[in-house]
Each structure stands twice: as C-alpha cells, then as structure tokens.
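Chemist: Could you put together the complete structure from these sequences and hints?
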Amino acid sequence: MNLVVGGDSVYAYTGSRPFDRAQPTVLFVHGAANDHGVFALQSRYFAWHGRNVLAVDLPAHGRSRGEARPSVEAIAQWLRDVIDTAEIGSVSVAGHSLGSLAALEFAARNPERVRSLALLGPAVPMTVSDELLAAAAHNDHVAYELINGWSFSAGGQLGGNELPGVWMTGNAMRLLERNRDGVLSIDLLACHRYDGGLAAAAAVQCPALAILAARDVMAPLRNAHALVGALADVKTVTLAETGHSMMAERPGAVLDALRPFL
Amino acid sequence: MTTKPKTLQFDTLSLHAGARPDAATGARATPIYQTSSFVFPDTDHAAALFNMERAGHVYSRLSNPTCAVLEERVAALEGGIGAIATASGQAALHLAIITLLSAGSHIVASRSLYGGSHNLLDYTLPRFGIDTTFVDARDLDGWRNAIRPTTRLLFGETLGNPGLDVLDIPRVAALAHENGLPLLVDSTFTTPWLMRPFEHGADLVFHSATKFLSGHGVVIGGVLVDSGAFDWNADSTREKFPTLTTPYAGFHDMVFAEESSTAAFLLRARREGVRDFGACMAPMTAFQILQGIETLPVRMARHVDNTRAIVAFLREHPLVGTIGYPELPDHPDHALAQRLLPRGCGAVFSFELRGTRDQGRRFIETLRIFSHLANVGDAKSLVIHPASTTHFRMSADDLKRAGISEGTIRLSIGLEDPSDLIEDLSRALYAAGKSR
Numbered sequence: 001m002n003l004v005v006g007g008d009s010v011y012a013y014t015g016s017r018p019f020d021r022a023q024p025t026v027l028f029v030h031g032a033a034n035d036h037g038v039f040a041l042q043s044r045y046f047a048w049h050g051r052n053v054l055a056v057d058l059p060a061h062g063r064s065r066g067e068a069r070p071s072v073e074a075i076a077q078w079l080r081d082v083i084d085t086a087e088i089g090s091v092s093v094a095g096h097s098l099g100s101l102a103a104l105e106f107a108a109r110n111p112e113r114v115r116s117l118a119l120l121g122p123a124v125p126m127t128v129s130d131e132l133l134a135a136a137a138h139n140d141h142v143a144y145e146l147i148n149g150w151s152f153s154a155g156g157q158l159g160g161n162e163l164p165g166v167w168m169t170g171n172a173m174r175l176l177e178r179n180r181d182g183v184l185s186i187d188l189l190a191c192h193r194y195d196g197g198l199a200a201a202a203a204v205q206c207p208a209l210a211i212l213a214a215r216d217v218m219a220p221l222r223n224a225h226a227l228v229g230a231l232a233d234v235k236t237v238t239l240a241e242t243g244h245s246m247m248a249e250r251p252g253a254v255l256d257a258l259r260p261f262l
Numbered sequence: 263m264t265t266k267p268k269t270l271q272f273d274t275l276s277l278h279a280g281a282r283p284d285a286a287t288g289a290r291a292t293p294i295y296q297t298s299s300f301v302f303p304d305t306d307h308a309a310a311l312f313n314m315e316r317a318g319h320v321y322s323r324l325s326n327p328t329c330a331v332l333e334e335r336v337a338a339l340e341g342g343i344g345a346i347a348t349a350s351g352q353a354a355l356h357l358a359i360i361t362l363l364s365a366g367s368h369i370v371a372s373r374s375l376y377g378g379s380h381n382l383l384d385y386t387l388p389r390f391g392i393d394t395t396f397v398d399a400r401d402l403d404g405w406r407n408a409i410r411p412t413t414r415l416l417f418g419e420t421l422g423n424p425g426l427d428v429l430d431i432p433r434v435a436a437l438a439h440e441n442g443l444p445l446l447v448d449s450t451f452t453t454p455w456l457m458r459p460f461e462h463g464a465d466l467v468f469h470s471a472t473k474f475l476s477g478h479g480v481v482i483g484g485v486l487v488d489s490g491a492f493d494w495n496a497d498s499t500r501e502k503f504p505t506l507t508t509p510y511a512g513f514h515d516m517v518f519a520e521e522s523s524t525a526a527f528l529l530r531a532r533r534e535g536v537r538d539f540g541a542c543m544a545p546m547t548a549f550q551i552l553q554g555i556e557t558l559p560v561r562m563a564r565h566v567d568n569t570r571a572i573v574a575f576l577r578e579h580p581l582v583g584t585i586g587y588p589e590l591p592d593h594p595d596h597a598l599a600q601r602l603l604p605r606g607c608g609a610v611f612s613f614e615l616r617g618t619r620d621q622g623r624r625f626i627e628t629l630r631i632f633s634h635l636a637n638v639g640d641a642k643s644l645v646i647h648p649a650s651t652t653h654f655r656m657s658a659d660d661l662k663r664a665g666i667s668e669g670t671i672r673l674s675i676g677l678e679d680p681s682d683l684i685e686d687l688s689r690a691l692y693a694a695g696k697s698r
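From first to last, the protein sequence lines stand for chains V and H.
Quick note: the first sequence uses this note's numbering, first residue 1, plus one each step.
Quick note: the second sequence uses this note's numbering, first residue 263, plus one each step.
Since the hints were made in silico from the structure, they are not lab data.
Accuracy of the hints is not assured; some may be wrong.
Straight line, CA to CA, 16 Å or less: simulated EDC-like cross-link-like pairs of lysine to aspartate or glutamate [to be verified]:
| # | chain 1 | residue 1 | chain 2 | residue 2 |
| --- | --- | --- | --- | --- |
| 1 | H | Lys642 | H | Asp682 |
| 2 | H | Lys642 | H | Asp567 |
| 3 | H | Lys268 | V | Glu131 |
| 4 | V | Lys235 | V | Asp256 |
| 5 | H | Lys642 | H | Glu614 |
| 6 | H | Lys268 | V | Glu241 |
Modeler: What follows is the structure in structure tokens.
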C-alpha cells in the first residue's frame, strides 16, 4: 500500500493482505540501503497469521520517495509519522540493523504506541569503519562489496540458501546496487553517529527481543551486549554460525524467534 | 584508496557455491535427494511453505535440494541472484518467455539461433499468440526497427549457432533498456567461464546444461538465471510486465514485484511456470551436472586450447574454405570477440568444406575420433552437418541468412589429445579429397 507522509509517497508491504487496522499491527523496518523485501518471508507470515503488517520502505529506499533521513532520531520521527498517517494506535515493531536503531529510538520516544520491540542485528554503538564510510561517500561500488563481504557468515558466502535457488550474496548485492547515489552514505552516517542507544534502551517500556548473529561483523555481538543490558524486559536469541544478513541466512530461525513475540 | 574485500573466485565457486557438507550425514558430495516430496513438521509449517511465508521444499517439481545447489552454483558463476533448473535448455527458454509474455506479445530475436530455439519462436509460439521478428545479430538498426509497442523481450545467443556471430551484448542491452525491455541471452556456447553476460548488460541468461556445463554428455538439462538488475516496476516498464507487477490470482493475488525488488521474475517463474508447465529437472540430473561444473574452469581452458590447435590446422588445409571462428582476424566479429571474450571463443565452430555433398558425407563418415551426433560441448569431440540435421527445418533463405550452406560442417572440439584430433581430421579430409 502507499501512504503520503510529509508530502512524499511511502510504500509499505502488507503481505498481499488488505490493510486492516482492526488487527494488531506489526511494523517492519529494514536496514541501510535495503528495502522491505529483506523481511519478505517473515512479514508475509505475520500478515497471514492475524496481524496487520506494514513493512515499510524508508524514504528514498525501495518504492518510497523523498529524501533519506539523516539520523536515527529523524527516522524514528518518520516512523511515528507513518503510524499517525495510517491511523494506527499501537504497533509491534521489528527493525534490522539501522532499522533496529530506529525502532529502538521510536519505542523509547513513543512508549504508549509500541507494544513490543524486536531488534535484529542491533549494536550500540553501531560504528562504521572509516574505509566503508569513505567508499560510500564517494558512491564507490566498493562500499557495496564491503557490506556484502561483511554481512554474511563464511558459510553464508558459500550459499546453501533455505530459499531454493536464490544466491544470497548475489541477491543482496543487486538490492544494494538499486540505491540512488548518496543513500548508503546517509544511512551509514546515521548508524555511525547515533549515540543515544543506551539512553533509548533505558527508556523503553515494552518487552523487547534481541536477535543476534554469532558471526555478525557489521554489528558485532560485543556491541549488542551493553544495549541488551540496558533494556528492562528483554529476551535474547543468538543464531549460531550466522552473519548480519540473518533474515536471508536463517529465515526460518528468525521467524521462529519472532513468532511468539510479535 | 579502499581495498576491495576478498571474495570467492570463479574456480572456488565452481566447486562449492550452493553446497555445504550434508548436515545430516557429513557427506562431502552433494547428496541426490531422490524424493518427490518432503515431510512437513506440522500443519502450520506446511501452510507457511505453500504460501511463501517460509523457505523450504514442498514437492520436487517446484524445488529440490539437489537442484537448488545447482541453481545457486550457476547463479553464482554467472553473477546473478538465482536460477531455476529445468528439464532442458529448451525448457529454460520456454520458461523465460512464458513468465514474461502472453498472447499478443512480441519478441525480437537474432536470426543466428540454435535450430530448436528457432522452431519454438518461428513455428510454435505464434500458435499461442506470441510472434517473433528475426534480425541480423550484427544489425543494431535492425534490432531497433523491429521493436514494436507489443515487444517484451530481446533475445540472442552469445555466440550464434552455427556461424559464431558474437552478440554485441552491451549495445543490444542498451537498446533493450532504452525501450524498457530485458535482454535474454543463450550462453550455452560460452559458459560463464568465457563470458558473464550480466556484466555486459544482459538481464536473463539461460544454458543448455547438457553441453559444456555438464561436459560429459550424459544428461539433458537447462538453467535459467536472473541478474536481478532489471527493474520490472520502473515507470517505463511496469505496464509492460503485468505478470510481475499486478496481482496474480493463481497465487493469492501476490504481486511478485512487491514481494521482491530483485527476484520478482524468479518468483513468478517458479510459482507459475515450473508449477504449471512442470518442466523441472530431476535431482539425479542436477547431481550429474554439478559433477561437470566442478571441473568447468579446467575443461573450458583445455577446450579452447584444443580448438585453437584445430583451427590452426584447418586454416592451412586446401579443402577447407571459410572458418567461422571469431578469434581469426577475418571473422566479422573479431574485434568484438577480443573485447567480450578475452579468454577465448569456445570450442564449437563451423567451416566450409570445399567440395560436393558426397565429399562432405565422406569426410564425416571417415572420422574415427569425432562422433557424428547432434550435440555440442561434450568432453568428446563431435561433428555434424547442420543443413541436414540441427537446422533442417529452416528454409533455404533462412539457412543462408543464418550463414549455413550445404558444405557447412560444425565441430565441437573435445578434450582429447589435439594431435589425435588433427590426425583424425587430416585422414577424413584426405578421404574426402580422394572421393572427388
């Protein structure tokens, strides 16, 4: 479905189901230079299991128009604008990577609007290497190659996808390549500069779930521990032998972690 | 300066892409999952698999673990996002077409095609309302002028059959994209070791995996690969491809381009084309093709080396006229081949035997190492007379336009010792000369 938020068209995948705000809503928020498709399997599952799903494309990503938001706080405000526009009272929110930071900040700022919070591949701080920032700033394809190289476990680099016939790293690369110049750089800087993670975690009032990947290089496990410790009501699921692109590498395990929670 | 990350190289991917040691048994080789169907842990899981909420296998017509390894491997080697293994190369071509086109649609295709592909486009598909205009592969204006409002696909072979016209993929792809159309390429003759068409702008690639990918000549199979780069939902393309951009009643009103920005084509191809037309690959076949792909890099290098030796021999022989091999300076596509095919121009080529039809027959029947049969890309060297076999359904005019004459002999150079192949050819040419 399409919404107009702040004058710009926003796309949200609903799992091929009609938008129905009478059902509990689950909001999915993708990571840097991705789109709603990274949650395709998981979001579709919830859409067909009694949830009203909105898997959004962030501004300037996927099918959404507008300009990419330059900070985690700005994305969090945009998420609030989305549910206001859609006239949704409260939501469960699941975010991956940059999306996890935005979901965290969104939950902290809007405790009355968030029922539960799932953080996939979070890290505080979510430091981005100078090398990657520089490549992204120059719209150098190497930035995509670095991300792809760091986002999959060693096993994932060899394939063996649960989704038959799809070459994970190739698919991830093509998705990255669809971005307009500048979008990746804005997203990475938003991750890199966000310093409100622990304060936001302390302000979260709803139950939280952290899904961590044991082989995550983009958002290393050690950077998730302080965040998890700052959340009052949190469960943690750690996926063994899995990289940052956990929804691609372990779609079933991610869904099984989310199912009892969202 | 940023250092590029180390990624797995072609030779490594040939051996490993898509496969990991079997989790259940530790088997190093990819197991042959010789099963029609797969047990569901519970009813919710089953329903989720059917509705694309979970990843996994349901029924081997739709997907199979052994076939999935092959699909990932070829996709990895091509630099694509995924693939679908099919019952044959023809099934792969058909799958690509019927996923995108419906009655009333139109294709622009190179005239230099495998005879079977020509049959499908020229004789069979019109019965289903899909028409094709054939153009000279080298005539870019011809491609441009043939595009109609109903055109939905451009199609050619990396190396045209049998004259080895080199498809100028960058220019034809650019033309296709200017018109909001995808370019489909048959890459059977080149394999990804010689050329990766996606790097030059092609959008879809298919192989007859029967040929070089297997290399052993014991299976029939095909693979259709998607680059994932074509934007089916762009303003200039959305209305052209309703199979991907509008709700599909055959799958809960799924809009495939909404499910995935990159993989809409593959989703529809598997969820409709493979499901309903059923031209799937058998797991045993996939296993055998995987065995071939493991040695693809070393085989292709040897194929090319042997071919160069044979071409050099034939060039000096008085009974041999034109040799259609793009590495030769007099081939019309020599410069293009040097740019697109720096590793070589493959191991299939044709030459003109100077003489009568009887001399041609004598030549073929005298060969002892070369096998006279309708295939290419085998580890064993092969020979055929296209005008009377692979292309016999084509009219005289079509044959001429495709560069085929009564004296055209097609060779597929194998992996034997090149001196033995030259000896075999030398003896056959001598016999042909004596029968004058």
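Chemist: Next, verify each hint and record whether it holds.
Modeler: Hints versus structure:
no.: 1; hint: H:Lys642 / H:Asp682; in the structure: 12 Å, holds
no.: 2; hint: H:Lys642 / H:Asp567; in the structure: 14 Å, holds
no.: 3; hint: H:Lys268 / V:Glu131; in the structure: 15 Å, holds
no.: 4; hint: V:Lys235 / V:Asp256; in the structure: 14 Å, holds
no.: 5; hint: H:Lys642 / H:Glu614; in the structure: 22 Å, violated
no.: 6; hint: H:Lys268 / V:Glu241; in the structure: 20 Å, violated
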